[in-house]
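Spelled out from the first residue to the last, the chains are:
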Amino acid sequence: MSRIFPRNLTARAAYQVPGNPPGTRPESGVANCYPGLEYDHRNLDRRFFPGLVIEYVSQEDAADPSAARQGGRVVDTDTADVALTDPPPGFEATATALAMAVSGMTLSDDNPVFLLRIEQDGREIALEDDLGVPLDGLVVWRLVRSLRPGPVTVVIGSRGSGDDVKPPVVLTGWRRRYTDPATGVIDLTFQPGELSQSLCSPWMHDFRDCACTYWASNHPDIVFAEAAPGSTPLPSGQPDDPAAALTRVDWLRDRPEWALTAEAAPRQQDNAQYQMSHYQINETWEDLAIVLEGREIGGVYFARSASADQAEPFPDGEALLAEITRLAGLEHAVMLMYLYAMFSVVDSNEAAAVPGAPSSLAGDAAAARHILLEVAVGEMQHLRWVNQLLWALSRHLGREYQPVVAPPSLVLPAVPPAHAGTPVTLASLDLPTLATFVEIERPSAYIDGQYARVTSTLRDPSYPPMLHQLASNIAQDGENHFLEFRDLQRVLGFYEGTPFLRAIRPGDPAAADVAAALGLYRRILDLLAEGYHFDDPQQQTALGQARTTMLELQSAAETLAAAGVGIPFLAPWQPPAPG
Amino acid sequence: MSANCAGCSRSGPTAPVTLTLTPRSRQGTAPPWFHVVNTPTLPLVLLVEGTAVVDVDHAFAELLRAGDPAASAELRALRPRTSAELASLGPLPQPRAISLTVAQACNLSCDYCYADEGRFHAPPRLMSRDVAFAAVDDLLATASPGDSVTVGFIGGEPFLNREVLHATVDYASRRASVCGVAVGFSVTTNATVLDAGDVELLRSHRFAVTASLDGGADVHDRHRRTRAGGGSWDDAIGRLQPLLESPGRAKVSARATVTRDDLDVAGRVAALIAAGFDDVGVSPVRSGPDARLALRDDDWDDYTEAMAAAADEDLRRARRERTPRLRFANLAAALREIHRGTCRPLPCGSAYGYVSVDVDGRYATCHRTVGDDRFKLGSVGALDEAARRSFLDERLVDRQEPCRSCWARYLCGGGCHAEVADVGRAGCDYIRGWLEHCLRMYAVVERELPELLATPTVEVVG
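These protein sequence lines map, in sequence, to chains A and B. Position one of the first sequence corresponds to residue 1 (the numbering used here), numbered consecutively onward. Position one of the second sequence corresponds to residue 1 (the numbering used here), numbered consecutively onward.
Derived by calculation from the structure, the hints in this document are not laboratory data. Check each hint, because a few of them may be wrong.
Only part of the chain A face toward chain B is listed, based on derived beta-carbon distances under 10 angstroms [what the hints assert, rightly or not]:
#, residue
1, Ile4
2, Phe5
3, Leu9
4, Ala13
5, Tyr15
6, Thr85
7, Arg142
8, Gly150
9, Pro315
10, Arg459
11, Gly519
Computed from a predicted model, the values in this text were never measured in an experiment. Here a beta-carbon is modelled for each residue, glycine too, at the ideal position from N, C-alpha and C.
So that you can see chain B by itself, here it is in the shape it has in the complex (with noise of 0.2 angstroms):
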């Protein structure tokens, strides 16, 4: 799902694997429709299409588990949408969000980066101001009055770029209120170059901003390095201190890359919730330049219990709150895609209502994907329509196999679309465990903790 994505970790390009690509056909086995979870209460069925939740008595739940055809039609009545809606893509929206690499550079040279440390596998570069400002006119070109718009900035480093960053800013508010248009911003950095102007950039404007940090300063130091070889959580919590104190309009949360030296899930969201984060979200490596950080097939397991783990202190933390509220985002995100009923042909926002840029003005799919080929999509002024809705329409869910035989596949979409071209599909078996668990405690939580549910939030692309 797509808190899976939040903070894309860091790893880079290595092989490339191509797309099982299986075109749906009418004769083959019916994909799955229903799956039953047990949970501490009653059992709960996940209606795929549509993904309602309903809860059902145990004589029920054993009958459906059978194959009982009554018990399937009486199931099936409440089917809420049907496949032929998720089979094919309909109209492509224009992009309401974009992702400007104002710097593929970076201060740090993490060994899982993904990004080359930032360089994207060329000599360091920044982007200029014009191609700045022509991405954000072609934004708001298509943007009516009323809409709601999101420019990120990702790196490399963002903060390198600083001049152009400021200026950004500065011209999309301005070009936003002239269109009637609400612009928001979005940044991932690793903080350590951030100084007080910056600071107050984020504090006066609606910004997401996403900080890359590992957990505590041990495990942070261990992998996030500068380039002299020294630790960099220091530096990144000193320069945040203030922004964690007084945030102003903005929104601050933290993003830990969870490496397979290291895979104490629960212990690096409460040493980031300890240094002033209320939200702190992990994403694990699946590929990158060392081999021996990224996880493997039987990490998965240990991987899955160590969410479950976390996840778990999450609850437990919130409620001896006054006012519950998660912190661990990824199961804020679950449990709230869970209870809205998300339902998605494709894993994320990328090439669909979000697209990244280059520093040369090129439109790459998303920001993982900047810089290789196999993700153009044109460039500034010249959004490549149709390699927008080919790449998109290849990938839908139901075409892919395992995932159109997956229960889990419209809660998942498929995975990151730069990890499956990189290294194919790893760790499903996590994803359907990690969802059976957020399933278990979403049956918990809406009966006990519902405002934990009900909470509006502003989901920022980026």
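Pulled out of the complex, with its shape left as it was, chain A reads as follows (with noise of 0.2 angstroms):
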């Protein structure tokens, strides 16, 4: 529970309520100005001019259009907005005089008013085009758009001749704030839902036929479904159940006829066919489940952990410093230890040379290659993450930047530090080894809980905030490291002995297949340490020839693997063994 209560005005705008991201608020909606789905912005000038409600009236989708009907027209006059009960300085006497020229108004639906002309500042602006054909509503309303708060006059009257037609009105007033300059408050006018009025109603119409996935900031589409009752979460609140944390499903899903379980699909139209039903929609839209940090919460919310941001901060940019270089030596430690494990794994043509394996072996080993691979360039990435901190950091305290590539770290710190850490081994992919990958990379272990006094630290204000950022994201990554390689051992446990596995053995650092590995595998550290002066836009290059030399490695590593020898990554790095 957080022991800080925000009480004034500030703290409370400060406090970052536990739950969605601010970009998930309606202000930070990124819909359509109309119809939208935060509101219709159309709504807002409809009442531009205090008395006034005007609607835009567009024949561009019309059956039949008819210029006679498009327009601003005036669909009411009002003569209890607040505008003229209450005007805002300076409009006192326009007020009075408007009011009074306004409740003498009648309207009709035989003999429609209609904006015919606006005035601001000197300048008129007509509302109908050379020909005198009335602009369509859209155009006029994109005109009205322009105005700007202050003084305006408005000529409206009927349209045509005849005996019937009243002589065009001229009203003098303002162009309304829509909202309060000093609060922001939206004008009072604006009664409850006229804003939202012309929204498709409820909104999830609107995303069931759209299937543009493009404003799904703040509206959930495909989401996480909700942890099992009874299942431990783990700090972000996910579950600790690897099936249940990483299945993404439809949040429209017709729930009776579409597992809970079952994964979206990529393309929000491959979804469709087992979506709710507009009818449906109408019916249990209440029914649709909160969304809270991606996941659907059926029960009890409970906060995101703000752990890693309460650990204790580091004394001086100095020894944050030293902490991030250390964490580059333990990301470049772990990414070797899964890189070993990936090749000690049977590709798919050794798998199904296995005898008496399984047919699910091929898949399965390839899944595991697969994971451990996508871990490691997650590693690889967090270097470079890492060496982006370094520089950033280097630049905030004015000292020099160096890379910092290798060497990695020779040990793995204990959990609690207080022990002993254990030394970096590399292993094939037996399940004790699997088991240790988990524990590297279970939260608040090895590796984000190491990050977590440096993310502490960062969120100092006075550190670049992209610096706090950067490093969460290295840490919150750790969690779905975990959750993979959780999955690997569902996986991997159904198996009896390890038929997924080649049997390897380090190589010889000294035999020529083995020392030309190696010799890429230090070119790959020498070009990235080239190329992470990221001030220079050469260093692109040496960037793009250690990408070249990664994928010769790899393929030197698959031919060594095939032939039961591991490239000891570690050997450069470890004294001579005596003897």
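Fit chain to chain and form the complex, with the hints in mind.
Below you can see the structure in the form of structure tokens.
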């Protein structure tokens, strides 16, 4: 439980309420300006002129378009308009005259009244084209939007000629401010529901049919299903069951017909057939799950732990720099462990050749290789981010940046830290090794536990905010690595023995082919160290060469592994064995 | 805080004291960034940058006091603004409020007056209509439609120049209306020359009327005397009565100047409320022609207690009312600013959004510095922007000592420029003590009487 409660207005504004991030708030909406999902922008301009309510009638989509119907039609007068009864300073006399003028007006459907002209700052805006054809409502709306708050004169009246057409009326008023300049509160004239009255209702219809997925930052579309009752959540609130944690489902799924955990297809239209129908949406939209932090919440919501930000910060930038340098070595070391393990897993040809192996072996081995490579690449990415941290932090501290790529750490820190660490060893992917990997990536343990003090330190506003975000990204990545490895445990635990493994052992660093592979590895490190000088665009060349060399190394490693040889990545960093 | 400026005790310049300017260094000791205050309920923590107020449990408060790094880290995560935003000025706004020193003359001779009994160390003079109108033109020239501006009248006694005052109100109203600008007015008066026409003028415009009254009749007449030596209370109250009974569009308040011979703040406030005022502020004399009247170093503890007692009494009074409201303006302003999280690198709007004009049309940083060359800012038609910027730039609170090491710096802003220049910073412990008291009261009011904080107010500078 948080021990800090915001009391005054600034504290309340600064307080980050547990739950969804700020990007999910209505004010962060990226919806269309109309009809939109939050509110319909046109509805603000319905009341741009105090006392009048104007609809912007478009004939663009009309079955039987008629220019006579289009334009800014005055659909109502509002003598109770707050702007008239309590006008802004300076407009008191104008408001009195305007209220009298408006109260004497009558509107009828037979003889509709339209905006004919607008004038502001001595400039007149005609609302018809050169031939005298009234402009379409959407064009009129855009012109009204161009008005500035302040004095405005409008001319309204019926169109056409004839005995029953009254002469146009000139009204002097002002363009309303839609929000209070001091408080930001929407003008009180707008009635509850008025700004959203022309939206899809409920908005899930729009979501179901649009299928463009770009506004999902504040409206759920593809989500994680609710954690099963009784499961133990990870610090982030994810279930610790990898299947539940990692499977995304369609929020609008038609529940009875589609299992809760069925994975959503990547394309929205592929999911549509499994979604609720329009009728179902109308009937049961209130039953759709609340989504917090990307996950459906059915029962009690437990806020994401802030433990990462409560770790003890480092006393100064130098100590922080030293820790980040140490973390670079750790990222490097675990990456080597994962890579070594990956090459110890059979490829699909070898899997097919394993005598008596179940038919699932090829697929499972491929999954294992995929997961190990993905996590190893994740660690490589971290190494780069760590260097970005070091670069930005060095600049912040006014120090020269030196890339930190090697050496890898040779010891895994113990948890809790009071104990001695364990030596880093390269091993095939047997189940004990996999268990070690799970422990390495377990939240609040080896890796993200190490980052907790870093993120806590970088929370201080004296550091550039980007650094905190970067460090948090690294730390949070660990949780997904943990879940991936847990998933792999589930898959591989099914087998008796280790039919998914090649028999490999670390090669002799002096052997020509092993030495060549180690040479590639060292070359990659040199290229990265050169490429991480972020200031110099030329260094991109080095990074490109590093990537090419990684592919060479991958190919060399596969060849060696097929011959039962693992690359002894740690050899260059270890003291020569005695004798 | 700005409430300290309310009414600005009138005391005159003495030997100038040089400002202590300390450029902020990155290497120096970090200034305090939070302050813990015990309250009748939970401990309250003020986060200095951003003036965020949170409450915490007792154990957490102890950890913070003991310097526990994890507790500070948890608190630090809340910091809503950074010092970088407060450490520099940014673009200066054009002044939106001016005060016209329409009369550098006064019919009273109060013995604590900062303005040399209203004459500002020169022969008595009145502002001409031309100067007043030109100053209004200057103000409106930079205003955009929809803006609000304030024209204030100050003296001396401004109603000694009744004709120009009335004409300027009329002129400013007409000109503002043409420009689509909302204009409000303010006047600080001793009320002893108000006539029926003046009262009508005040009623019919958006006027913030500040009457300089020190307390009940006896207290008031002790220092606020006519040139003939008589008291001025009866005259002032008699002439204000019609306005108090029927204020029209005017908002009438009283400002009392507290001298060291009588620190009974609550008594002064109560007497002025009894006289019919709903808004009563006080301000202590820090410097002046008669040194016996200015508060001294050993008075500030007593003054702090007196202010706290007056504040407590005001809240008790509010609790008894069907529609509670605060009448002690210093308290109301402090609570409002704490609630809003006012966070200012300067003490007031002086030279920033507000400037003063003397009878000759010269700009000064505020009404207290009129005629003082140290505070001149050019003249009407030619506001000296460079002088404004350098004046403010070197007075940012983070560039002053002892301010930059004080937890109250962004609520206080560093103290009245005029007083600091004359007598240095005195009574800082009082400011801190008073703010702590207000923070304690805030903890109670925010829970029990939040309607006292929600009242929308129109603030008029001057």
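Violations among the numbered hints, reported as their numbers in ascending order = 6, 7 and 11
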